[in-house]
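*Asks:* Given chain A, work out where chain B should sit, using these hints.
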Amino acid sequence: MSNLLRTEQKLQTREKILIQTIHLFAKQGIQRTKTTDIAHASAVSHGTIFVHFKTRDVLVKESIEKIGKTITDRLHALTQGKNSLQEILKAHLLSIQENENIYRCLLLEGPSLPTECRTVWVGIQSAISFYISTALLQEIEKGTLRLMVPSLLFNTWIGLVHHYLANQDLFAPNKSVLSHHGDKLIHYFLELVAPLMKG
Amino acid sequence: MTESCISCGMPLRIPEDYAKGDVTKAYCQYCAQPDGNMKSYEEVLSGMVGFLQHTQGIDVNVAISMAKQMLSNLPAWKHLS
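If you read the sequences in order, they're chains A and B.
Residue numbering for the first sequence is 666 to 864, as defined by our numbering.
Residue numbering for the second sequence is -8 to 72, as defined by our numbering.
Only chain A is shown next, with the shape it has when bound in the complex (with noise of 0.2 Å):
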C-alpha cells in the first residue's frame, strides 16, 4: 500500500473515531462512554484508538474542538446578511438545536470534564458571544438599544438558554427544547431589553 493510501485511511478512520465518539457521547452522556464503546461502534480495535488520540482525555477534548468547529461555523453561515439583535439569536439557537444533545451533554458535563475541555467551550462561548456583541454594538450605533455591557447581554441570554436546555425533562421531556421553545425565548428576551431600546 503506498504511503499516500495509507495516510489518507489513517486520517478516515480517526475522522470516524471522532464522529463516532460524538455521536455516543449526545446519546449516553461522556462520562458514561467508555472508549471501549467508541471502538465497537468505529468498527475498530480498542488498542487502535489510542494509536490517533493518545488517552482518552485528548479525544474527548478534540471531539468538544470537532462539535465547537460545527457549531460556530453553522452560526457564521447563519449570520452572512444578518444585522439584527433578533437575526442573531435565532441563527444562535438554530446552530444549537442542530446539535441540541450533545450541547446538552456539554453543559452538563462540563464542569467535570478536564481543564482543556473547559478552556474549549469557553472559547465556543465567547465565539459565540462575539457575534451577539457585534450585533448589539450594531443595534447601539443605530440608536435602537442603548448602551450596555456586551458580557453582560450575553450571560443573560446564554443563562435563560442553557436553563431551558438543562432541563429538558421539565420543558420538553424526550424533545428538541429549542424547537419547542426557541421563538419564546427570543421574543420574551428581547422583550425584556426593549424598555431599553425606548427613547
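Quick caveat, the hints were computed from the structure, so don't treat them as lab data.
Please read all numbers here as calculations on a predicted model, not as lab measurements.
Quick reminder that beta carbons are idealized off the backbone N, C-alpha and C, glycines included.
A hint or two may mislead.
[Claimed, not checked] If you want the footprint, here are the derived chain B segments under chain A, 3+ residues with CB under 8 Å:
#1 40 to 47
#2 54 to 62
[Stated by the list, open to error] The calculated DSBU-like cross-link candidates involving lysine-lysine, where the alpha carbons are at most 35 Å apart (straight line), are:
#3 A:K681 <-> B:K69
#4 B:K16 <-> B:K30
#5 A:K734 <-> B:K11
#6 B:K30 <-> A:K807
#7 A:K747 <-> B:K30
#8 B:K69 <-> A:K699
#9 B:K69 <-> A:K807
#10 A:K734 <-> B:K59
#11 A:K719 <-> B:K11
#12 B:K16 <-> A:K681
#13 B:K16 <-> A:K755
#14 A:K719 <-> B:K69
#15 A:K699 <-> A:K747
#16 A:K699 <-> B:K16
[To be verified] A short list of chain B residues far from chain A (calculated; beta carbon distances all over 10 Å):
#17 G0
#18 P2
#19 R4
#20 E7
#21 T15
#22 K16
#23 A23
#24 Q24
#25 Y32
#26 E34
#27 W68
#28 H70
#29 S72
*Replies:* Only chain B this time, still in chain A's reference frame:
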C-alpha cells in the same frame, strides 16, 4: 488558503480576515501589527484575555490561565510550551 489564524485560532474565511487583507499570511487582522508583522506572544495573550473578559466577563486570572492554554495549542506559540 489557511483555514485559521496560527496565532489566535480565528477562522480565516474572507480576505478581510487576514492580516492587511493578504491571503498569503497565516495570521489574522487582529494578530497583525500596523506594519503587517505578527504581534508578539504578550500582545496576542493580552488581546485574548481582553476578548474573554469582553465577551463573557470572565475573572481576569481565569481568563489569563485559559488564554495561555488556548495559545499553547496554536502553531505560532506551541514551541513556547
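*Asks:* Which numbered conditions among the earlier hints are violated in the structure presented, ordered from lowest to highest?
*Replies:* 9, 11, 15, 16, 17, 18 and 19
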